[in-house]
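S.K.: These protein sequences, in sequence, are chains E and X.
Per the UniProt record's numbering, the first sequence starts with residue 1, numbered consecutively.
Per the UniProt record's numbering, the second sequence starts with residue 1, numbered consecutively.
Hints should not be assumed to be uniformly reliable.
Stated by the list, open to error - Simulated coverage check for chain X against chain E, where a stretch passes if three residues somewhere in it have a Cβ under 8 angstroms from a Cβ of chain E:
id: 1; stretch: 53-64
id: 2; stretch: 68-82
Unchecked claim - For the chain X half of the interface with chain E, some residues (derived, Cβ under 8 angstroms), not all of them:
id: 3; residue: P15
id: 4; residue: E45
id: 5; residue: D50
To be verified - If you want the ones that stay clear, here's a sample from chain X, every Cβ over 12 angstroms from chain E, calculated:
id: 6; residue: G10
id: 7; residue: S93
id: 8; residue: G153
id: 9; residue: Y214
id: 10; residue: T227
id: 11; residue: R232
id: 12; residue: R276
These are calculated hints, taken from the structure and not from any lab test.
All of these numbers come straight from a predicted model, not from anything done at the bench.
We put the CB at the ideal spot given by N, CA and C, even for glycine.
Okay, here's what each chain looks like letter by letter:
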Amino acid sequence: MTVASDDHEILVDCASSGIAFDGLRVDETDETYSLETPENEWTGLEKDELEQALESCEEYVTNWRYWQKTVGGEGTSRREFLRWCERAPLDDANTKTPRDGALDDGNTGERAVEEPLAVPERYDALRDGIDRQWGQLSITTRFLDVDESNGARVYDLWHVADANSDLVDLEVHDDPRDAREIATYDEDGRYRPLKTAPSLASGWAFTGLSGDELVETVGFFYPATVANWHRELSGNLDVDHWLETAERQTGIYDVVDELPREAVAWLAEACCDDSQCLRRREWEYDEDDDLGVDGGDGQFPCREPCSLVIAAARRWAILESETERTYQLELTTSELNQLEELIDAVAEGRTDEIREADVTDGANRYRARYLRAKRFDEDGTLDATQVDD
Amino acid sequence: MQALVIAAHGSHLNPDASDPTYAHADTIRETGAFDEVREAFWKEEPHFRDVIRTLESDEVFVVPLFISEGYFTEQVIPRELRLEQWDPNKWASDGTSASQATLEAGDVGKTIHYCGPVGTHDAMTDVIVQRAETATEDPDVGEGFGLAVVGHGTERNENSAKAIEYHTERIRERDRFDEVKALFMDEEPEVDDVTEYFESQDVVVVPLFIADGYHTQEDIPEDMGLTEDYRRGWDVPAAVDGHRIWYTGAVGTEGLMADVLLERAADAGAGIGEAREAVRELAGSPAKAVAESTSRTGTGD
Ligand code: SF4
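Next comes chain X alone, as it looks inside the complex (with noise of 0.2 angstroms):
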């Protein structure tokens, strides 16, 4: 037996934090790839601490559904999973490449297998490039138009900016669009100036957080100059000097990540048959998305 746990931050305040995790996980449990899912939080339940007790299977997959290796990831949800032999070096990571370490939780005798988190892993490229799919309902969106992926920046992590100039990278690679640029919400250069970094009028903003919030739903859009007030919402796309500004929200919310995660369990040696095209086929939809994430945008909650 194997079981799948997605290791989420979740939140005391916020009930929505959850949402993607849950989401994905459904998706996920819908493959049948795994004989167990489970979702795990810091703040919500069931906590890290307890959630591999409640698993009945002996082979179990950690995937931190976190957007860079750091505080979180190397730290404390291997120290509250009680994975004593961990250490970050067994990822030998440069801050984008951690794969996955095999050891033994102190508290059941299983073998876990802890995955670097989805937010570095090469899929998440692609699911950046499905949430400029869904924002504008294009799925060959491309030409004409600028992608600004948008991170916390340096203040906390400074792996998160290394997360962002990754996948920056890797879609200016594919000139698909014809810009791509990472903005930082904490340094340079900053998204407040987003309409400076770009000469096409077209710019799709792709925020990498995991769960929409505070910073996706209220400071990200008023400090581009999309809205006033985050309260009354904002047009998809606005018009922000001379530009049309194509935003949605956390990239975390896309379909796609459910990819992401199994991409993940893969890598470490979960048997996951033909899951992943079962997700590309459910996650699939620009259209479906963009329906979901523009009735979230309009009620600005």
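If we strip away everything but chain E, and leave its shape as in the complex, we get (with noise of 0.2 angstroms):
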């Protein structure tokens, strides 16, 4: 395996202005050379010296390259996501983030201990292909071609659960575009309004894609989601809490900063438990004013409400200004129990999965036909008597 000369010039090139990159040094003073890799050091090397120290420590000349050519983009989202991909080190990754603290509890699983590699160890994994998780997507980088490696590197990605699929059982894609149309149903072919809703539909593969290619795809999956993510991790994510968002609201939208704070931790605990959205939200009810609700354990942050939880959240401004009513309705004690187990049930999206021969559930259908039958009057609704004025 050589590296291309082509490699060498341009990094020889690069080498007056000094190159400090992932453990490769190389320096120029008075038209000598020096040149540095964690596990060597040369100095005073003529410009051909130079070059031949360089042949004996190609995995660092490659990867210089590759990022430093080929993906550039130094400081951007795109950039970080793709190292974040091969668990090379991030340049964002000193500022230590509320996130980062969370890790170290235990909490978030594997992510948390998983360590930057370093080259010669990421050259390694790459032969192989390095595995990465971003909500339901998971993401293979691998060397382009692993026998004649000039440190090129190609993506594949899938939905996690396809992670042991045949190649040949998915539909197949190159096109980044495509990650809209299957972002945009469920299994069921029912409508996704909220991109990160764990609902993503599986089947399907991306594979042999460049870099900018997976970003623009992982961000017709999930968009915003690296931007946020690398802001987070460079310490400059910016939140705007419930109260902030709700008061800009216009039009329409302008009832939602009535909804009562309760009632606002009652929608996240709604709208934004990992069961319904990957984003972990960093949102509260004001800087100071913590909901007292779990945000989650996502890998991207949500930095503020979004149009989905925002439309339901002016419904509920209206529907929370009604005045609270004593009513009184005969239920047998297992008929209330059945009423706690139907709305429970609904909530949970466990309906489907009924059985329609369990009717020691509550929620089966039978059963709930049944309580229909029995306690609504002829207009369809519940027989109960309002007792205050």
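Need the complex rebuilt from these two chains, each delivered in its own frame; the hints are there to steer you.
M.R.: What follows is the structure in structure tokens.
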């Protein structure tokens, strides 16, 4: 395996202004060069000696070439994300973020213990492929050409549920834009207005993407997650809390700031739970007013209430303005329990799983129809009497 | 580096609402005129709030894929993009003449050229005419034909009627169609009585809406009497009161809309090279567009 000589030339050209990247150092002083890797050190090299010496650390050279020449974009979220994908040290990871703190507490599983890899370890791993999980996406970074590697990486992407599937069983894509269509519908063909809902359909794969294409594809699956993740990593995620966002609304959404604080907590519990959304809610009621509801364990932060939550909040703001009343209705204890089971089954999206003949489940369809037949009047309403005025 | 952001409404309920946005964005991507092209939405993702930070370009051209100047273009989009120095007076518009304003987005330190909506650009007139061509599958349509440009009406936004009337007048001046009329859903003259406003036997009806949805695919065809039930679809042309009505839904799905987006950005200073020619090439085939729109109408969705 030899490094293409143009890699050397480009590198020598750059050496005059100094190179320090991923463990590789090259400096020029008075037309002699020094070269350093974590394993070796050379000084006082003539130009041709430098080129020779570079041959013994070609992993560092091709790595430098890939990141500095192919990927480029220093300081961009695109670059940081691609580095994260192969577990390279991140430029911005020095800044301690609250997230890093959370990583140490062991609640977040594997990700917490993954140390960045140095070049030789990474090169070893890239031969087999390095896997990362981003929401419901599984991303593999590997060498374009394992036998004759010049450091060029390519990326494969599929649903985490398909991690063990054969490629032949998946629908293979190479155009990032195809992700838009895949992300639009869930397994049952229903529209997914919230892209970070954990309902991404499986059965597809993107293979051999370039770094730019990977970031674009991830952007179609989970828009803006990479940008906000990167902001969080660099310690400048700008969170807009509930009140700020609600007060900004105009038109028909003007009412959402009237939602009582307590109801905002219920809203967060209802909508921003991991079972409903893979974003980790970072917004609270107000800067110093914690909602007291868990924001979830997602990898990418949610920096402000989304449009779906605002739309739902508008409905709740209207509903919450109603006065509470006391009603009297006749139910057996089991029927009361059944109401609880029904609400729970709908809230958990469990109704489809209840077997037709499983009449022990209160949310079973026959049980629900029976309750309706027994307790509803001719108008289809619950036979309840208001007892206050 | 320069980026184009197409700012559209989108929908929480209807996945097709964003189709035209994606289609036009893809057409412009093909031209390579911008380093980055990004769709952004009020009701979908990426949301207006997040879109600018996903870009690497320092120069960003934002074009609202909306029909008229009003609530969304003057309040919602600039506010959500954090264009803090925005003031509708910067467009110095009478309701149909918005051009652009150069501002900075508060969260990113990038230059944002905030453009007027596609619907009020002069090039939109050509799109309406092209819609008539695709509806009739006749690139020379005009003689013996009436053209109705249909808008929502004044109920929600007074500028919406202005945009309709503006293009109606411009098409009328071209003397191409025997008659050109502006009709509305919520005000007089109403689209329900379309046949009463035309002497021509053949009338092309072009709704000035961005995306197909409830109004263009349910309301308008039923109100005009093209069909009893939109779910059963309708013929193009359909016979109504001794007239033939040529109707194929929202003008915003017309391929040439990509050209209007490009022109908006070019007017604001974007370098677009030969992209307009490329887009006209890509979007120029009426027959192809008709095939697409009739299949959509046929399923009645
Ligand atoms: S507001 Fe809640 S539901 Fe919406 S994106 Fe954020 S975490 Fe998810």
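S.K.: Against the earlier hints, flag every one the structure doesn't satisfy and list their numbers going up.
M.R.: 6
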